[in-house]
Amino acid sequence: MTELLYIALFILASYSFMVNKGRAASLGKFNTLHSQPYYHGLYSSILTFLPAIILLIFWSSIQNIMTNLSIRDFFVDVSDPGLIKFYIDSVINYSNGVSSKIIEHDGFMPAVEKYSSLTYTSTILKVIVVTGLSIILLRASIKVVTVDFKARDYVESMFTTLMKFSSVIAIFVTIGIVLSLLFETLRFFATVNVFDFLFGLHWSPQTAIRADQVGSSGSFGAIPVFLGTILISIIAMLVAVPIGMYSAIYLSQYASETVRTYAKPIIEILAGIPTVVYGFFAVITVAPFFRDLGDKISPGTLSGESAIIAGSVMGIMIIPFITSLTDDAMNAVPSSLKEGSLAMGATVSETTKQVIIPASFHGIVASFLLAFSRAIGETMIVVMAAGFAANLTLNPFESVTTVTVQIVGLLTGDQEFDSAKTLSAFALAFVLFFLTLILNIIALNMVKKYREQYE
Amino acid sequence: MNNLNKRNKAEKRFKLYGISAVIIAITFLFVLLFNIFSSGASAFKASYIGVKIEIPSAMNIDEINSRKEFKRQVLKMFPEVETRSDKRALLSLFSKGAIYEFEDLLEQSDSNGLDGYYWFLAHGDLDMYIKGTVERRGNEAGRINSKRMTFVDALREQNLIQLQANKYLLSSADSREPEMAGIRGAIVGSLYAILIAFIVSFPLGVLSALYMEKLASRNKFSDIIETNINNLAAVPSIVFGLLGLAIFLNFFSLPRSAPLVGGLTLAVMTLPTIVIASRSAIKSVPPSIEEASIGLGASKIQTLMNFTLPLAMPGIMTGTIIGIARALGETAPLLMIGMVAFVVDVPGTPLDPSTALPVQIFLWADSPERAFVERTSAAIMVLLLFLVLLNLAAIYIRNKLERKW
Numbered sequence: 004m005t006e007l008l009y010i011a012l013f014i015l016a017s018y019s020f021m022v023n024k025g026r027a028a029s030l031g032k033f034n035t036l037h038s039q040p041y042y043h044g045l046y047s048s049i050l051t052f053l054p055a056i057i058l059l060i061f062w063s064s065i066q067n068i069m070t071n072l073s074i075r076d077f078f079v080d081v082s083d084p085g086l087i088k089f090y091i092d093s094v095i096n097y098s099n100g101v102s103s104k105i106i107e108h109d110g111f112m113p114a115v116e117k118y119s120s121l122t123y124t125s126t127i128l129k130v131i132v133v134t135g136l137s138i139i140l141l142r143a144s145i146k147v148v149t150v151d152f153k154a155r156d157y158v159e160s161m162f163t164t165l166m167k168f169s170s171v172i173a174i175f176v177t178i179g180i181v182l183s184l185l186f187e188t189l190r191f192f193a194t195v196n197v198f199d200f201l202f203g204l205h206w207s208p209q210t211a212i213r214a215d216q217v218g219s220s221g222s223f224g225a226i227p228v229f230l231g232t233i234l235i236s237i238i239a240m241l242v243a244v245p246i247g248m249y250s251a252i253y254l255s256q257y258a259s260e261t262v263r264t265y266a267k268p269i270i271e272i273l274a275g276i277p278t279v280v281y282g283f284f285a286v287i288t289v290a291p292f293f294r295d296l297g298d299k300i301s302p303g304t305l306s307g308e309s310a311i312i313a314g315s316v317m318g319i320m321i322i323p324f325i326t327s328l329t330d331d332a333m334n335a336v337p338s339s340l341k342e343g344s345l346a347m348g349a350t351v352s353e354t355t356k357q358v359i360i361p362a363s364f365h366g367i368v369a370s371f372l373l374a375f376s377r378a379i380g381e382t383m384i385v386v387m388a389a390g391f392a393a394n395l396t397l398n399p400f401e402s403v404t405t406v407t408v409q410i411v412g413l414l415t416g417d418q419e420f421d422s423a424k425t426l427s428a429f430a431l432a433f434v435l436f437f438l439t440l441i442l443n444i445i446a447l448n449m450v451k452k453y454r455e456q457y458e
Numbered sequence: 094m095n096n097l098n099k100r101n102k103a104e105k106r107f108k109l110y111g112i113s114a115v116i117i118a119i120t121f122l123f124v125l126l127f128n129i130f131s132s133g134a135s136a137f138k139a140s141y142i143g144v145k146i147e148i149p150s151a152m153n154i155d156e157i158n159s160r161k162e163f164k165r166q167v168l169k170m171f172p173e174v175e176t177r178s179d180k181r182a183l184l185s186l187f188s189k190g191a192i193y194e195f196e197d198l199l200e201q202s203d204s205n206g207l208d209g210y211y212w213f214l215a216h217g218d219l220d221m222y223i224k225g226t227v228e229r230r231g232n233e234a235g236r237i238n239s240k241r242m243t244f245v246d247a248l249r250e251q252n253l254i255q256l257q258a259n260k261y262l263l264s265s266a267d268s269r270e271p272e273m274a275g276i277r278g279a280i281v282g283s284l285y286a287i288l289i290a291f292i293v294s295f296p297l298g299v300l301s302a303l304y305m306e307k308l309a310s311r312n313k314f315s316d317i318i319e320t321n322i323n324n325l326a327a328v329p330s331i332v333f334g335l336l337g338l339a340i341f342l343n344f345f346s347l348p349r350s351a352p353l354v355g356g357l358t359l360a361v362m363t364l365p366t367i368v369i370a371s372r373s374a375i376k377s378v379p380p381s382i383e384e385a386s387i388g389l390g391a392s393k394i395q396t397l398m399n400f401t402l403p404l405a406m407p408g409i410m411t412g413t414i415i416g417i418a419r420a421l422g423e424t425a426p427l428l429m430i431g432m433v434a435f436v437v438d439v440p441g442t443p444l445d446p447s448t449a450l451p452v453q454i455f456l457w458a459d460s461p462e463r464a465f466v467e468r469t470s471a472a473i474m475v476l477l478l479f480l481v482l483l484n485l486a487a488i489y490i491r492n493k494l495e496r497k498w
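Chains as they are written, first to last, in this note's numbering: chain A, 4 to 458; chain B, 94 to 498.
Pulled out of the complex, with its shape left as it was, chain B reads as follows:
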């Protein structure tokens, strides 16, 4: 009896280990996601400073030197400020982007004059203080020294510092100034790259799967192709980057840092995934349908094109989307082909230098500026959003369109 108790206890213990392992694994996931989301959410807002702008309608806007005029308008709010260093401290609370915003404002006003409070982007140092990323110690907070702090306090008293939606994050490319840095360039670069990867790898993968599954005779050669594809699927992604570097850049002299090369490299990487998924989808099409088609006089190729392929398509698409999602999150091969440059423009064509979303995350995570931490998390949130959308599409196709025979 004693023995049975022991065995039952061992049984319970074993089950407990199992449950805790599952819980630990799931906890890791939630800790990871919670960390990213809690630190990234704040990046979707940015600090803006309200400035009272008064420009009479009689003034010719073309004649205004926007930089000087902006300074004048800001200093007007604090008439008591006299020394140069105080003035500089006040102006240093604004981002470089504030001048551009002021220029836009002038253009929009259509010579009607301006009167009232307008909001301008604050400097990254101030932004971090407002969001509480850096703590206040006495009269200082991080890079906000006591001189700057007097202005910050004065502005806050009048409620002239506010958190508003961050216009820059999703609409501009990378920048040295954290408050002006955005991920648009990276998103466009990534989209070009995965588009090219899809265009190249999808037809090749599907055709190759069709051939291997339906036409190839089983011999030594088809065995080699099969093992080869299975092994390619497990090659570390960085090796594909070296392949891209050696073949596309050094041999074919394609432009460095271009999404075209990134896309080709990712295509080579995704190809095995697509072939394997397509083969299993093609295999699951019942032979009776094909035999019926052949029996009615269709040729082998007509049968494949008109029956096998359309019926296998949902499965093929599911596999392809998952492969493309993996390519979208891939960083290492893109580092090898130089998509790691600091690019301030949104790429116009797949031949322009560009980064990709995961590479942008890597670059920002490496940056010593603390203000980039929340932006890195925000970029990760955007990347994860794209991945979730792709996977939802795959799940939808699998559940709605895929037929079980």
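The shape of chain A in the complex, shown without the other chains:
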């Protein structure tokens, strides 16, 4: 039904374009019109289409929210919010014919009926109102076609508004991220103390599902999680920094043009490989390799989830970030500095160490920071190759967990949305978001500094 409505609006818009263009063209000679017939057509089709489509999208989302709220009333006796969500989803799926599963609950069938009738009335109303609005505006826009009508000015100002709106979207996204994280994080901190979370040493988010259950009440000290994240990221940096730095030095200072044109893109392919592939590589190839190596030294030292496995694979992944950013920074150093040093008799390596690197220091540090923030936020490699249990250790051969592993673990699978367990994932994500944001802001400022210095 709704798909048909979209098509109908589209047809109306095309129709109004044709009609108004034709009318404007018949008004007089080309040069007597303020705007070309094309703009008259465009003006009318925008007027027919845009308000109606905005209303339609708005209505559809409101309808979704309202119907969900109204069928919630049938399940007031259910106390678990996760279960209510599940029931509501089942009602919606059953009504839409997606699944034929019936829930054993007195309110289920009445809820289905209520949902179906509500959706039906709302859809009918929606069709009438939206097409009505579209047709009214179409008629209104046909009336305004005159020689003096400034159709082009209106179309252009509408277009400018659209462009303004598009560029503000990015801000809305940021606000959306902050609000959605902040909201849930605050709810989490209503049950768990902020300082317990930030400085607690014990992390085991399993809370008792039923009141009578024996088990931990869940403890949310996030230090082991943060420490694990930093440990794995540092291992990754230990792999990536030397390889990435020396590659960049070779490519920018020594390599011939031919080597550069081939080697640089090949290294950059490493950045284009999806991280889930790295995760698989870590599990299938790197983990057995390290395990065999560990068994040679002393059996059982390494599990398949040791920090060093995820860390080293992540290191491979971030090599190209360091290589290409460092390479850019080194190339931005004015060649006069380099040539001056070489002319004084310094070798290329001495020039690199004593002139190029100090001169591009800001850019190099920025590349490290960006790579580090990438490592902290990386998800799939650690989800597949690191552990879930939070151990408070700095030993790279033991299993540790990371922020992203915890977020994925806590939010996938069956979840009750309001428990401290799921809310803690948002608190972790909040910390992650701010940490990467700060690293990024510092890095971007540094990049700006070296650009300003030499350009």
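Hints in this document: simulated from the structure, not taken from any laboratory. Any given hint could be a false lead.
Stated by the list, open to error - Subject to a maximum C-alpha distance of 27 Å in a straight line, what follows is the list of computed DSSO-like cross-link-like pairs (lysine-lysine):
#1 A:K167 / B:K307
#2 B:K145 / B:K180
#3 B:K99 / A:K356
#4 B:K240 / B:K169
#5 B:K313 / B:K393
#6 A:K452 / B:K313
#7 B:K105 / A:K267
#8 A:K341 / B:K102
#9 A:K341 / B:K99
#10 B:K105 / A:K356
#11 B:K161 / B:K240
#12 B:K307 / A:K153
#13 B:K313 / A:K451
#14 B:K497 / A:K267
#15 A:K341 / B:K108
#16 B:K376 / A:K267
#17 A:K267 / B:K493
#18 B:K108 / A:K267
#19 A:K451 / B:K497
#20 B:K189 / A:K104
#21 A:K356 / B:K102
#22 B:K161 / B:K189
#23 B:K376 / A:K451
Keep in mind the model is a prediction, meaning the values are calculated, not measured.
Dock chain B against chain A, hints included.
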């Protein structure tokens, strides 16, 4: 002089470090690719067992119980088999899919009767043995016990076990049976998701880049937008998944696991990439062309639409394709919005529950069944193929269509 020797040696050493770093980085890439390709290539073939089927043309096909008939035909090849457990061992060499293949065969025969050897899909356990994934120890190999092995040996003697092209991998969706599992559902889900991501993020990104580059006055507000976009580009992808979870699923109550939600989430993630690429493409259009257009009486917007945008389009497309390629390989945000379900149907619309190709790789990589390992690699090969194609398109556009001023 001694000092000079030392310096020269240090120079050589330094250069050597550089070369080895480049070689190590490239080696990593090739080891990674070699591993995937060597373990994934075998998944494009599957083991099939030849069965002699004899159905007289007089027989009414509608009356045949295909399951029973198939069993009968198989057992007929080994008349000496009597005990129930032996029969079960023989039949267990076939996949569940073999029955469906038999049904298709019956339908195609058009009541003309069947006579001759036909090939049916073998069970995943047998497939792994035939491909040498599990090694034979005495009379056993992995889950092929000695009872099953006698039949395997007998069939191999008659050359009735063959590796043929794997029909299931690219044409069916996920399945619990590794030999019947395919990636079609995941590919369709991924295509829907990136299509939606493109439809949403491309116009928004281009319009926003045009505005920021050409119309916005430089003030505090435009600075905020600019830093904001640069920072969004570095936000970890999982955070976008949480945004999708909180906004699209919990607030707007859109369906869980749907490619629509996945696409919207990926669109938000790709937007900064497209804006940044578009801005640099728009910036590179020479102002003289715009000034000429303005000078001839075109309005600002007409100039942008008729000259700036078409001239910047190749650069914009290159950036967009690279952004979309990144979105195609992205897994973490899709896990957050529930595109991680076990789905056996190919999704028909973007609102049906579905997985995506990278998520399917994650699911299979997590599976304890060893037969999924080669399929995971094969799925990765398909994903990499798509990425290579996208990047080739981007390179083609950059080299052929982009104009240097």
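Quick rundown of the hints versus the structure:
| no. | hint | in the structure |
| --- | --- | --- |
| 1 | A:K167 / B:K307 | 12 Å, holds |
| 2 | B:K145 / B:K180 | 17 Å, holds |
| 3 | B:K99 / A:K356 | 16 Å, holds |
| 4 | B:K240 / B:K169 | 18 Å, holds |
| 5 | B:K313 / B:K393 | 23 Å, holds |
| 6 | A:K452 / B:K313 | 19 Å, holds |
| 7 | B:K105 / A:K267 | 22 Å, holds |
| 8 | A:K341 / B:K102 | 21 Å, holds |
| 9 | A:K341 / B:K99 | 22 Å, holds |
| 10 | B:K105 / A:K356 | 14 Å, holds |
| 11 | B:K161 / B:K240 | 22 Å, holds |
| 12 | B:K307 / A:K153 | 23 Å, holds |
| 13 | B:K313 / A:K451 | 17 Å, holds |
| 14 | B:K497 / A:K267 | 22 Å, holds |
| 15 | A:K341 / B:K108 | 17 Å, holds |
| 16 | B:K376 / A:K267 | 25 Å, holds |
| 17 | A:K267 / B:K493 | 21 Å, holds |
| 18 | B:K108 / A:K267 | 17 Å, holds |
| 19 | A:K451 / B:K497 | 26 Å, holds |
| 20 | B:K189 / A:K104 | 26 Å, holds |
| 21 | A:K356 / B:K102 | 15 Å, holds |
| 22 | B:K161 / B:K189 | 13 Å, holds |
| 23 | B:K376 / A:K451 | 18 Å, holds |
In terms of the numbered hints stated before, the structure departs from none.
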